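In order, the protein sequence lines correspond to chains A and B.
Going by this note's numbering, the first residue of the first sequence is number 1460, and it counts up by one from there.
Going by this note's numbering, the first residue of the second sequence is number 57, and it counts up by one from there.
I should point out that these hints are in silico values taken from the structure, not numbers from a laboratory.
Because the structure is a prediction, the values reported are computed rather than measured.
Some clues are possibly wrong.
Chain A is faced by these chain B residues, among others (derived, beta-carbon under 7 Å) [said to hold, decoys possible]:
(1) Y85
(2) R89
(3) N123
(4) G124
(5) I403
(6) C405
(7) I410
(8) A432
(9) V434
Positions of the beta carbon are idealized from the N, C-alpha and C atoms, including for glycine.
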Amino acid sequence: MSKVAEMPSDSEADITAARLRPEQYAENFSDMLPPLDRNRAITEASRCLFCYDAPCIEACPTSINIPIFIGKIATDNARGAATTILSSNIMGGSCARVCPVEELCEQACVRNTQSGQPIKIGQLQRYATDHLFSSKNPQIFQRKPATGKKIAIVGAGPAGLSCAHGLAREGHQVVIFEARPKAGGLNEYGIAAYKVIGNFAQKEVDFILSIGGIDIHYGQALGKQITLGQLRKEYDAVFLGMGMGGVNALGIESENLKGVESAVDYIERLRQEKDLATLPVGRRVIVIGGGNTAIDIAVQTKKLGAEYVTIVYRRGAEEMSATDHEQEFAQTSGVLIKHWAQPRRLIGHQGQVTGMEFEYTQLDQNGKLMGTGDTFTLPADTVFKAIGQTFVATPLQESGRDILQLTKKGRIAVNEDGQTSLQGVWAGGDCTEGQDLTVAAVEGGKVAAIAIDRALKEKKNG
Amino acid sequence: MADLTCRIAGVTSPNPFWLASAPPTDKEYNVVRAFEAGWGGVVWKTLGEDGPPVVNVSSRYGAISYNGTRMAGLNNIELITDRPLDVNLKEIARVKKNWPDRALIVSLMVPCDEQSWQEILKRVETTGCDGVELNFGCPHGMSERGMGSAVGQVPEYIQNVTTWCKKHTKMPVFVKLTPNITNILLPARAAVNGGADAVSLINTINSITSVNLDLMAPEPVVNGIGAHGGYCGPAVKPIALCMVGEIARDPECKNIPISGIGGITTWRDAAEFIALGAGSVQVCTAAMHHGFQIVNDMKDGLSNWMDEKGYKTLDDFRGRAVKNYKNWQDLDMNYDIKAVIDHDKCIQCGLCYIACEDTSHQAIKAERKGLDRIYAVVDEDCIGCNLCMLVCPVDTCITMKRVDNGKPYLTWPNDPRNPAHKKTG
Chain A
1460 MSKVAEMPSD SEADITAARL RPEQYAENFS DMLPPLDRNR AITEASRCLF
1510 CYDAPCIEAC PTSINIPIFI GKIATDNARG AATTILSSNI MGGSCARVCP
1560 VEELCEQACV RNTQSGQPIK IGQLQRYATD HLFSSKNPQI FQRKPATGKK
1610 IAIVGAGPAG LSCAHGLARE GHQVVIFEAR PKAGGLNEYG IAAYKVIGNF
1660 AQKEVDFILS IGGIDIHYGQ ALGKQITLGQ LRKEYDAVFL GMGMGGVNAL
1710 GIESENLKGV ESAVDYIERL RQEKDLATLP VGRRVIVIGG GNTAIDIAVQ
1760 TKKLGAEYVT IVYRRGAEEM SATDHEQEFA QTSGVLIKHW AQPRRLIGHQ
1810 GQVTGMEFEY TQLDQNGKLM GTGDTFTLPA DTVFKAIGQT FVATPLQESG
1860 RDILQLTKKG RIAVNEDGQT SLQGVWAGGD CTEGQDLTVA AVEGGKVAAI
1910 AIDRALKEKK NG
Chain B
57 MADLTCRIAG VTSPNPFWLA SAPPTDKEYN VVRAFEAGWG GVVWKTLGED
107 GPPVVNVSSR YGAISYNGTR MAGLNNIELI TDRPLDVNLK EIARVKKNWP
157 DRALIVSLMV PCDEQSWQEI LKRVETTGCD GVELNFGCPH GMSERGMGSA
207 VGQVPEYIQN VTTWCKKHTK MPVFVKLTPN ITNILLPARA AVNGGADAVS
257 LINTINSITS VNLDLMAPEP VVNGIGAHGG YCGPAVKPIA LCMVGEIARD
307 PECKNIPISG IGGITTWRDA AEFIALGAGS VQVCTAAMHH GFQIVNDMKD
357 GLSNWMDEKG YKTLDDFRGR AVKNYKNWQD LDMNYDIKAV IDHDKCIQCG
407 LCYIACEDTS HQAIKAERKG LDRIYAVVDE DCIGCNLCML VCPVDTCITM
457 KRVDNGKPYL TWPNDPRNPA HKKTG
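When you get a sec, could you build the whole thing from the sequences and use the hints?
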């Protein structure tokens, strides 16, 4: 066909479901990185040098003792390996799948320098945790005798669940208030489907809850069904782990055109959709942004059958917050990444977006980003905004005033224990400042659980 | 290009790489494939007397995997050939006729009486083979019938049988020794005294490679139970080298030619055996692991190394390490070396540090500069043991440098700290 050289442009929006043959959906949304079998896992584990003061441990936000767990895999003690992992990171299963390991543990691996190839730490972690979860008796933790203390947690995402598990292990009673109908947070609603196949997020939640002492109340949003003041009164401590509720706007005209969508919202629909063939997807898709959400929406729409998917990012490849590995994955999945261009205006026809005009960008002499004045236009049926999420503080306000201190960037301010400016209130995960990673949220919840437990014991003893 | 021609006990082969008497040399089919691949010789799998059946069981092998490496050690419970004697003899004659330039030695094991040996030698001689190897080493099965290592563990039996064989054949006689004995020199000297033309060693070592923890039986498990087998492969090389060296330097062994066996996997292993006095080398496990093609690199690698060193023939370096193989008391008590860590090569794994800190002399300091880990040797505390160098995963990152302390070569007998010296002095 000769039309491939030029992107077709017409005013009829081409957004439709069932672009693929039914079996293609299963194939496209299968495991992005198939699991290691026992033999491969043992062989890979045997490559580990078992470093002293291992740099990988330091690079892991949850400080998993990586050489120890890998050593256990090498001796065919996968259950022991999973115990080591989950003792530091209760969501080690999902982190094994979604962590940007190439920027964390695997980047720190000394094997990079020694042989140019790090140990596949993420895949080994998945092997160990999968082994445990599929075993007859996956419970490796024991809940201590009940303390009679009750803690409220807002948000059943990685931070909240991690905090809940840490507290439940210590014998405290935990109630989680979750606005959505399911637990798991971004693992359930936000991560690309091919990274967590087979309903893994819910299986992991079930494992976490199986310790006992954790109740989840669904459909309970802070500032709506519940208030912080009320939780503080009724519970011995409160942990806030509600993540980021808002999506950044493009800040240009016509953002309300039909077809201009939030990437986060679309991914959420995709993740909850049982039959992907019923999910409408545009033929020509533009994604604005440079993070992993931009990659995730671009690759997933491509996998749903979109013909042209272009990520447009205002700076170069190195400045993208999506890792090199993610960028490469998008490119080999057929996504075009257009660097050094910024949105100028949306083009619409009868209320429906039909394209977008961009301006080329460059750095000025002072290193500041500037438009060159030259423009180009891409036709589009759908434009996805993936330029970051924001923490929405309004549910925490009382009478229109913030009752706890926020950082300059507008997130909840916490100390190294996750304690907020309010007595008895801790916070962690994306609603606080940090790396905005699942693994960082798990650590935030873990650290807070330790601090809360200590505070409650001190209170009792004092 | 170096000349790899090998001459040992009157037997010549185009290269020193022989296949040991074992499953790979049980039949004409295998041996021809080996010669096609370029092996210099074979020792045909042990023939027994005509008559009493030899039965082999299933399974026959157990192995050690180490750190992802398979068959680091291999154990077998196979007996001598279970094929009829005349079939073997016909094949041997045909192979020798078709491959006249290759060494073809025939391994033998018959009951411990003169007549049995006389009879088998007569029949083997008709094949035109280059020599015989007396199997006094097999540690399982045949030893229970009073043969194999049951003979090899009693020096006077070795001497008797060797004497009979020398009496009844003109073929060169190789005596294969078992390592399942406290002092290898006793059977070696017995072979020399019996008139052996060469000794071959080591045969396999008594072993249980592993215990099957589900069946609670040693591997390889034969219908619920296991027996000890003979251990070989890379894991046994150090033991074999030591025994070869012992014989090579023993005056009573009178420079008897040695066919070295035990874990030889590469040309480098072969060069080491030859440097310690071996004439030819025999290989089995490496071939069983990777097939006969491995001989290509063995020949090529040995030849390249010899060219690099300026050795034109095997004799140019044969036995060169023997004079440097001494007992501990002859070592220099004043020799002093210290570890040096090359920080440009260091990958910061910390293995040197923790090895020294936990298990040696606390002579490596660990420091942090930001994310960097800096490991440095404390010279005053370093006793030059090599451990850090050995655990370091980077070649030449840790080296041992000699410290010139100005002290003379001092052996233990001359060392004033030696209590025996004090008494006599």
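- prompt: Tell me, which hint numbers fail for this structure?
  reply: 1, 2, 8, 9
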